[in-house]
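Peer 1: Sequence:
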Amino acid sequence: MKTTFKIIFAVLIGAFIGYSIADYTLTTDEVEIVNEEKVENIIELMGTETSFGVKGNCKMCKKTIETSALSLDGVHKAIWDVKTKQIDLVYDDQLVELTTIHNTIASSGYSTDLVDLNQEAYDNLPMCCQYDPEK
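For the sequence shown, counting from 1, position 72 maps to 767 in the working numbering; every step adds exactly one.
Calculated from the structure, these hints are not laboratory results. Hints should not be assumed to be uniformly reliable.
[Unchecked claim] Below are the DSS-like pairs computed for lysine-lysine, each with C-alpha atoms no more than 30 angstroms apart in a straight line: (1) Lys780 - Lys830; (2) Lys830 - Lys754; (3) Lys830 - Lys757; (4) Lys780 - Lys754; (5) Lys830 - Lys758; (6) Lys830 - Lys778.
Produce the entire structure from the sequences given, and follow the hints as far as they go.
Peer 2: Structure (structure tokens):
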């Protein structure tokens, strides 16, 4: 009797699990979308958002500016806009200070609202990236 009950119970559990998995199977694309949205939400909830001006000219500047900011532990998102000359950041202020982000960008050759450029790094930028520092 106990063996029969165990077999029936196992079949019912198996049927239930199979049924629930069939109902909730997602494609890989759907899983990736959900994960990306969750990550963005977590970053926005846990990170500090800010933006500030960074001088530059082109898409090569964009890559260098964003890469320098993202090289710091605690910077989760860095997007520099070529037209507005503004960088939008999401960072963990427990891991990195905003002044450190400004200094890191400036050390790559680009002035920020708070920190002047590193002249040696600026001189080594490609010609298209050498903006007028006086503007």
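Peer 1: Hinted pair, alpha-carbon criterion (30 angstroms max): Lys780, Lys830. Please report holds or violated.
Peer 2: Between Lys780 and Lys830 the Cα gap is close to 12 angstroms, so the pair holds against 30 angstroms.
Peer 1: Hey, Lys830 versus Lys757, does the alpha-carbon distance stay inside 30 angstroms?
Peer 2: The given pair, whose Cα atoms are some 18 angstroms apart, holds under the 30 angstroms limit.
Peer 1: Hint check: Lys830 vs Lys754, CA-CA at most 30 angstroms. Holds or violated?
Peer 2: 19 angstroms, holds
Peer 1: Given the hint that Lys780 pairs with Lys754, does the C-alpha gap stay at or below 30 angstroms?
Peer 2: Holds. Lys780 to Lys754 sits at ~11 angstroms (cutoff 30 angstroms).
Peer 1: Does Lys758 sit within 30 angstroms of Lys830, going by the straight-line distance between their CA atoms?
Peer 2: 21 angstroms, holds
Peer 1: Between Lys830 and Lys778, is the straight-line Cα distance small enough, at 30 angstroms or below?
Peer 2: 15 angstroms, holds
Consistency with the previously given hints is maintained throughout, with no hint failing.
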